[in-house]
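We have chain A; now place chain B onto it with these hints.
Those protein sequences? They're chains A and B, same order as listed.
FYI, my numbering numbers position 29 of the first sequence as 29, with every residue one higher than the one before it.
Just add 437 to wherever you are in the second sequence, counting from 1, and you've got my numbering.
Just so you know, these hints were derived from the structure itself, not from any lab.
Treat the hints with care, since some could be wrong.
[What the hints assert, rightly or not] A few chain A residues facing chain B, derived, Cβ under 7 Å:
id: 1; residue: P60
id: 2; residue: Q392
id: 3; residue: T416
Beta carbons are placed, not taken as given, at the ideal position from N, Cα and C, and that holds for glycine.
Read off the chains here:
There are 2 protein chains.
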Amino acid sequence: MPQHVVILGGGFGGLYAARALGGKDDVEVTVIDRRNFHLFQPLLYQVATGELSPSDVAFPLRATLSRFRNMRVILGEAIDIDVERRRLTLSDGVLEPYDKLVVSTGARNHYFGNDSWEEYAPGLKSLEEATRIRHRILFAFEAAEREKDAAERSAWLTFIVVGGGPTGVELAGALGEIANDTLRGDFRHIDPAEARILLLDNSDRLLGTYPADLSQEAEKSLIRLGVRTMLGVRVTDVDETGVRIESGHRGSEHLHSHTVLWAAGVTGSTFGKALATRAGVPLERGNRIKVDEHCNIPGNSDIFVIGDLAQQSGPDGKPLPGVAPVAMQQGRYVASRILGKSQGPFHYFNKGSLAVIGRNEAVAWFGKVHLNGPIAWLSWLFIHLMYLVGFQNRIVVFLRWAFNYLTFNRGARLITGDPAPYVANRTAHKFSEHVNS
Amino acid sequence: MPQHVVILGGGFGGLYAARALGGKDDVEVTVIDRRNFHLFQPLLYQVATGELSPSDVAFPLRATLSRFRNMRVILGEAIDIDVERRRLTLSDGVLEPYDKLVVSTGARNHYFGNDSWEEYAPGLKSLEEATRIRHRILFAFEAAEREKDAAERSAWLTFIVVGGGPTGVELAGALGEIANDTLRGDFRHIDPAEARILLLDNSDRLLGTYPADLSQEAEKSLIRLGVRTMLGVRVTDVDETGVRIESGHRGSEHLHSHTVLWAAGVTGSTFGKALATRAGVPLERGNRIKVDEHCNIPGNSDIFVIGDLAQQSGPDGKPLPGVAPVAMQQGRYVASRILGKSQGPFHYFNKGSLAVIGRNEAVAWFGKVHLNGPIAWLSWLFIHLMYLVGFQNRIVVFLRWAFNYLTFNRGARLITGDPAPYVANRTAHKFSEHVNS
Chain A
1 MPQHVVILGG GFGGLYAARA LGGKDDVEVT VIDRRNFHLF QPLLYQVATG ELSPSDVAFP
61 LRATLSRFRN MRVILGEAID IDVERRRLTL SDGVLEPYDK LVVSTGARNH YFGNDSWEEY
121 APGLKSLEEA TRIRHRILFA FEAAEREKDA AERSAWLTFI VVGGGPTGVE LAGALGEIAN
181 DTLRGDFRHI DPAEARILLL DNSDRLLGTY PADLSQEAEK SLIRLGVRTM LGVRVTDVDE
241 TGVRIESGHR GSEHLHSHTV LWAAGVTGST FGKALATRAG VPLERGNRIK VDEHCNIPGN
301 SDIFVIGDLA QQSGPDGKPL PGVAPVAMQQ GRYVASRILG KSQGPFHYFN KGSLAVIGRN
361 EAVAWFGKVH LNGPIAWLSW LFIHLMYLVG FQNRIVVFLR WAFNYLTFNR GARLITGDPA
421 PYVANRTAHK FSEHVNS
Chain B
438 MPQHVVILGG GFGGLYAARA LGGKDDVEVT VIDRRNFHLF QPLLYQVATG ELSPSDVAFP
498 LRATLSRFRN MRVILGEAID IDVERRRLTL SDGVLEPYDK LVVSTGARNH YFGNDSWEEY
558 APGLKSLEEA TRIRHRILFA FEAAEREKDA AERSAWLTFI VVGGGPTGVE LAGALGEIAN
618 DTLRGDFRHI DPAEARILLL DNSDRLLGTY PADLSQEAEK SLIRLGVRTM LGVRVTDVDE
678 TGVRIESGHR GSEHLHSHTV LWAAGVTGST FGKALATRAG VPLERGNRIK VDEHCNIPGN
738 SDIFVIGDLA QQSGPDGKPL PGVAPVAMQQ GRYVASRILG KSQGPFHYFN KGSLAVIGRN
798 EAVAWFGKVH LNGPIAWLSW LFIHLMYLVG FQNRIVVFLR WAFNYLTFNR GARLITGDPA
858 PYVANRTAHK FSEHVNS
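Just chain A, same shape as in the assembly:
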């Protein structure tokens, strides 16, 4: 009688666990995700900045998993768990009992208790958020083109990115390229290169998890792209007029902007809370669940938590970072444990970290080797193409990049979705009555 393995979430952790269990005789696998696709999150910021299309960075889960006869995929959302009876409650039914459960439900944006900020400062965790951000960025230039009032125009041309980690750095860099290259010559009343792009972080340097020399290189590259970094500032309020910040030496200040993007932090998924409560384990910082060296929750060797939801200590005692390679390796590890092949503890093999800033600009950290500039950028390109799921995606992404690189263009800069987003509604009346008359 094969074991029933349930995998919650089709992100990097869940997908790599599922693939490693695919076609094995002694397990039957159920993969549950709210979406019908795997999302390649490291490239999501490129969807938000019009370089790639949603389908370039997403791949249907069924297409990759259905070839395994021991696997089924369910489009559904887990909302609760009965640990005793080994049953998951989905939003529309109860699943049959699992023998092993792999929880890989990831993280969501975190506004440090100020959930009202979300409306004004969208984060970047889903495809919908990415297209919403793209909409906001492109619409801001359109609105600036038509705005007569100088202060308002300047607010439309001010872009604030909160958070100086890899996502914030990548977003700010891409904004710099949009303003300086992509939109050059597209408008008659504004010069997109006049856009102010502000990257805020409350620590004293960007890319806090990287070595200090790479932080400095990243900052230099951003400044070349016209991005202004503001370090050591704390965001105290976000609303439709912009961001209020506080810094030690400057005190409180208001930054007037209609486009604020959030890259300041994530918190464990909602299901993590349910699991912690039902299994009687504590939630750590950022609503993550502490797991042991086998990726199990305390006292239960049948429940694994991996990826961004898990908090696991590395060999140096510090928690492993919330990056894709950790989730992938944990996924493969728990699969081999479930199959009884792996006895030892999980070891994270750190292949290095990369953050891209723009055209030919990136920083790479491979242990003692620190790279920046074109070589780092090429490594980034190569590695991301290599890991991109789906043969077709890989070719199309490569071509789009090649094309965008050669032409300074971005093919996917469409404003779709609600034709009147909240910003448009709120500010439409502010356009002067005579358009360019």
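What follows is chain B alone, placed relative to chain A:
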């Protein structure tokens, strides 16, 4: 002093008019569109059926028009016109006077007075509608996979396309391929090939504007793909349970389905009504505006109407069809008239008509030459790639097609947007309590 030319709408008519006026000394051009992109509508059904991505069939208007220094693009919507004072009212302001006005605002879906049907039977005129239809189609298979009740499962696996013109034929053919090829092996509890695809039309043959032999070829191809055509039937009601039809010989019948797509007709854009009222000209059938042989509205040589909104008689006295080549040629014609280069009347040069049904299956009508099968299909492929705007789009679309052709796959089959569409909300409770237990 250059003339001020205002072009309303960036579809085929407006775009081709704008390009022909680009860089000319004696005109200044304002192009107004509600969206920031030109949409290649002939391939929209491929977005709806997961073959292409939105950005493959859309191209930013600014990217193609901004290189002309005499041209500006405004993201806005015209809602009224003052013909005397030559001023357009946008939803957020009034434009300075035009010397010449080109109205190319196209058509929208038409439900023959039953606007409530729109919720249940989306049409295919915009990118948002295309992704909504894709969502509906893919979600139906997911819902069927989890449905225990046989009648409900059969309703999820029944797809109804209303309207047997080119769009309806293309949608039904693509549905046949999705069910038979793309999703093969993806599910555990249903066989997608069991899906019923019904193509309804109230006339006695498909593709009514084509020669009868091609209608028959198209029908044969559809039947090979598993599509059932129901001709001579009239739709009398559409709601969440499906479609009620009436036919001469069978009387009234109810078709149980949760996925109904509308391809039965279009009507002139809303702005057309305002123009007709203000200019004192009558609205013809389908809310179109009759124009003379110079594409002018009666009695006003400064206002041109082109594309799907215009009703113009061809040499045989019949109205010109609402297809892209007519709009393109009218666009170029009015540009040359505005520049004083063209004195004679507009002549439509009919290069032929093509409708694709599926893999290697299409019908082509080039005057006396009637083609079907692979040759027609290759012509369709070649012509659509040739006219596709944007070098990058062309390469990416070609690659996607090549890949999909070779693998029977569809890369863009993502269910995005609202995670709980109206169908999911309404029917979630119908899933039996134990999922596959």
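Structure-based check of each hint:
no.: 1; hint: P60; verdict: 5 Å, holds
no.: 2; hint: Q392; verdict: 5 Å, holds
no.: 3; hint: T416; verdict: 5 Å, holds
In summary, the structure agrees with every hint in the numbered list given earlier.
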